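S.K.: Residue strings, one per chain:
Number of protein chains: 2
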Amino acid sequence: MMDKCLITFYPDNKKIMVSKGTDILNAAIAAGVYINSSCGGEGVCGRCKVIIRKGDVRSEPTGRLTRKEVEKGYVLACHSTIHSNVEIEIPPSSRLEKQQILTEEARIERLKGVFSEAGEIERGIELEERGIFSHSPLATKLFLELPPPTLKDNVSDLERLYREVRRKRGIPILQTGLSNVKKIGRLFRESDWQVTVLLGKRNGTTEIVLIEPGNTSGRDFGLAFDIGTTTIVAQLIDLNTKKVLSTKAAYNKQASYGEDVITRMIYAGKKAGLEKLHHLVVDIMNELILAMATECKISLNEITCVMCAGNMTMTHLLLRVDPTYLRREPYVPTANFMPVIRAAEVGIKINPRGLLECMPGVSSYVGADIVAGVLASGIDEADVLSLLIDIGTNGEIVLGNKDWLVSCSSSAGPAFEGSGVSSGVRAMEGAIQRVKITPGDFEVKYSTIGDAKPIGICGSGYIDSLAELFKAGVIDRSGNIKENISSQRVREGKEGPEFVLAWTRETQTGEDVIITQSDITNLVRSKGAIYTAAKVLANKMGLELADVKKIYLAGGFGNYLNIEKSVWIGLLPDLEKDKFRFIGNTSLAGAKFALLSYDAMVKAREIARKMTYIELSVEPSFMNEYTGALFLPHTDIDRFPTVTEKLS
Amino acid sequence: MMDKCLITFYPDNKKIMVSKGTDILNAAIAAGVYINSSCGGEGVCGRCKVIIRKGDVRSEPTGRLTRKEVEKGYVLACHSTIHSNVEIEIPPSSRLEKQQILTEEARIERLKGVFSEAGEIERGIELEERGIFSHSPLATKLFLELPPPTLKDNVSDLERLYREVRRKRGIPILQTGLSNVKKIGRLFRESDWQVTVLLGKRNGTTEIVLIEPGNTSGRDFGLAFDIGTTTIVAQLIDLNTKKVLSTKAAYNKQASYGEDVITRMIYAGKKAGLEKLHHLVVDIMNELILAMATECKISLNEITCVMCAGNMTMTHLLLRVDPTYLRREPYVPTANFMPVIRAAEVGIKINPRGLLECMPGVSSYVGADIVAGVLASGIDEADVLSLLIDIGTNGEIVLGNKDWLVSCSSSAGPAFEGSGVSSGVRAMEGAIQRVKITPGDFEVKYSTIGDAKPIGICGSGYIDSLAELFKAGVIDRSGNIKENISSQRVREGKEGPEFVLAWTRETQTGEDVIITQSDITNLVRSKGAIYTAAKVLANKMGLELADVKKIYLAGGFGNYLNIEKSVWIGLLPDLEKDKFRFIGNTSLAGAKFALLSYDAMVKAREIARKMTYIELSVEPSFMNEYTGALFLPHTDIDRFPTVTEKLS
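Which chain is which? The protein sequence lines are A and B, in order. Residues 0 to 647, numbered by numbering that gives the first Met the number 0, are exactly what the first sequence covers, in order. Residues 0 to 647, numbered by numbering that gives the first Met the number 0, are exactly what the second sequence covers, in order.
So here's chain A without its partners, still in its complex pose:
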């Protein structure tokens, strides 16, 4: 038998027994202790520093720790294994501290601001009015009063049931499983032939999923999920009234194994990696489900279906399908259209026979979240040329109208999600989201989410900062901090010049909130990638971005993105302001539409089939365009006339 070791994690004082040789990162996850990590345990990001208080821990050599840190007992959790009982301290820098986690309520208010907004509701009404959003959920309950059999009317119990369902609904292929057949004999007679069936839409047929005694049709609930790389958002919906009863969100704990999809795919390829990532997402979903059900006094058995929208990697991981081939040329998913399954098959805890459907995707890097976004925005029905930009870790772009749709993924990186930048944080309480810098004296004014003392900078704060630094003349068009700036705020940091946005005395963290030269370079690359993607996509279709009549902005930014400043830095094309429209979390909105309406699901499938994926990396014009976009706002200043005007 393998030796077991006891680990105690401080300051949480959480304990766990693990096999000798286990690495600390895995042990911490098993113990439910959070340690930052963004490279998937590759030893690259250096974010999982922990301090060994006691015990035998063996670490691989790493360049990610300073000599001082090594002296203090720091090791990288991912590259250190346990060989005796140990005590480990997780320093604040490696922890998801209080200031780094929004309280549940604050978080949800924020999320509500993002997705319950006008755009989605309008779109829902529009679809309903046009009659293409009929009330036909993934699973529907139907109460039946079966005529009891007689010697004259002696068809079998199952055919009697089918006959009555067909009498009420025009369904060609109707089927059910043996487990239901086994119970109907007794159930029909004991319930005096009054039963409720749950009809599920399953892979082109209709399944009688459940048969319950009496009339339970009044209680039928479903879930819409947005499975994001960073955040998972869920809605509990009354399938009869279409009302959203509860909305909850949680971070995707898979982030411990990598912040972007690429590192997670790589991690999934390791031993038991796929299983771990799969279980992490399922666990979070179950936690959210249980919390919502408890809050609404709904039994898990009354939840009969789940509709999920996520990018292709998230969809694969949720279903425990190996995502390895997504990232290998020619970048082919295992399936764009996943079969409808029982939610229990992947461990989702609702009614054990309840259904789980994943919305369809287009390609490895344009997933169901984007298809849901098109569905929710309606650009596939528009007469005019429209652009959908979803700014997340990847930054997916869709261009088209009612006749055609093309899409691509920009690999923008997670800088706008506060990742990989020195003072970056997610959009949470204390995150600087608005910035104003006065030219000349470089006086800084900022506002934070929740008006708390700053803890860092989130995406919209970075866009503001970049634009303001540029406008105030702190950085030049190449994104370099100018050498001749005479201000305390501009100083030489550990890795080159940096700009201080908030001083230690103002912050919660006891550290300055800064933007370094390398942060700026990083942000410029991100914004350049998104702009380039949109530009190349338009050019590929023989069009210019100026031809676009409507631009939909989706993603976590929501209304917090400042369009004018985004144009200033060249993230968004320089078009009339009234062409832009915020549409919030369209992944969740699309999932909700598809959950509530089979027509919407059929439409989503059409969108997925109709949309052409363009692999940017093989487009000849891509590199030139990208290089040109690594300027503020662009090397070709004529493309940004309003900026040019103000600069001159």
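It is worth saying that the hints were derived from the structure and are not from the lab. Because the structure is a prediction, the values reported are computed rather than measured. Watch out, some of these pointers could steer you wrong.
For identical chains, the list gives no copy identity; a pair is met inside one copy or between any two copies.
[Said to hold, decoys possible] Within a straight-line C-alpha distance of at most 30 Å, the following computed DSSO-like cross-link-like pairs (lysine-lysine) qualify:
1. Lys151 - Lys401
2. Lys275 - Lys182
3. Lys71 - Lys549
4. Lys435 - Lys48
5. Lys270 - Lys48
Using the hints provided, position chain B relative to the given structure of chain A.
M.R.: Okay, now just chain B, sitting in the frame of chain A:
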């Protein structure tokens, strides 16, 4: 914890540990020891007598044991429970002795004679020639050479697979399970995009059941099963060549819990009764499958589908569906059309993802065996009026032509299967099958199956005997043994007059083979029930039996039934001999057709839907007709002109 007791069964010397209080019959079944029993453990049939050699056994009082037997230690196994370690002897009368079991080979030869005969082969050729028996098995393997994905042709793995299948086969709804989706990414690449899929026809859709690397399409095997109340017959079939590779048969061990379907339904209603009957049939099927697969050097994984035909009770028990409601007015099955399931769902050991389909039935007492019979006989396509008589425990009758079909069940009882009659045996080695009795001196000539010394009388032997006793003047038209017969062979037995067919010195059993007055009454009731069913069915349609142009005789009798003698006793209507045709085990033949051809299965479904079931017990003319049929050949002698002619 419950106390355990050790039981030793002699003469087999088989041991088993059971809980205190277990009854001996159940303990014997658990130990794999056969004890006769035909009432389902009700204590009624008195066939399960065993002798307690040692130990504490408590028995309920019974009138089925003589005082002498009680003194010798006899008890009824079904009504005696075990309260210490015990030793039990099973006497020959309660055992399936050597003479009662055909050796495997002899049995199969006999069965082959029944079902491999001309009728089935002719019918197969006929169906094929008419193009309504295309080669389209329940599950078919298809080899695919998928084009590997490229940046241009970048559809996902699953859609690539679907596309190729659709290219080769016109299939509208194609689906597969998550378990296949999970493995294709790796499998396609490791097998260099050369794969074999198994396409299964499942509840109105086509399922990709299996995906295997390389080309395995050459090896695809299926099973046809006739699940009879008494006997289970199986065929292992090469699905590519349609060739029958092996045929095996075994007794249905459920018989320990009742010889007819009614007693089994009752037993199924007892605690754990359904589970026991279910497991017994599945175990036998698995034994047959393993034996055939071993013989043919075929791996169980290469067996991909099973088609079963059985009566409604057998179908319910196989699928573990409670048969209780079959026997309660208005006699409604849980399902006439059972869903196609994975064979593994009920424990059938073939490929774990392989399919099991049960042919459809019509009503509680006209099951899939009869639908299979109609399919195999083709009476549903005939221009002329045809009659199908399946003489088994029930004796089902179908009347009709290409425009309509009516059916009924006769409750003939198992007398013609050798059950419930004093010297009755199944059609096995040593069974008297042909009898000749000379009028005047009552000299008896008989022949047995396998020319062995007699062990008893089987169905065809009883028909001959009854006709010969009647012709020779031993019995009168009411079936009573005449009082004034001067012959040693006619004597007063324990329960009234009896006729000795074979003397002790001639037999294997050391006992006379006799026909008692009560046997005759029993047989007359059986033949009367079958004739009446046919007559009432014809009358119900405003027709006479004389209008029937073709009579198909199905069931275990096969060619062994003597038509002339059957007419003499009034079992069969008095029609021209060339109107009769033996068609053997049509249940198995029909299952084979349906296994090999989806068209045949569609036809079977049409037959099941088209056929009207007539409940004889509520037909006003039934009782009168039945009473009239309790004579030899009938009270209305004009209905049997050829018999009348010979009698006069």
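S.K.: Name the hints, by number, that the structure is in violation of.
M.R.: 3 and 4
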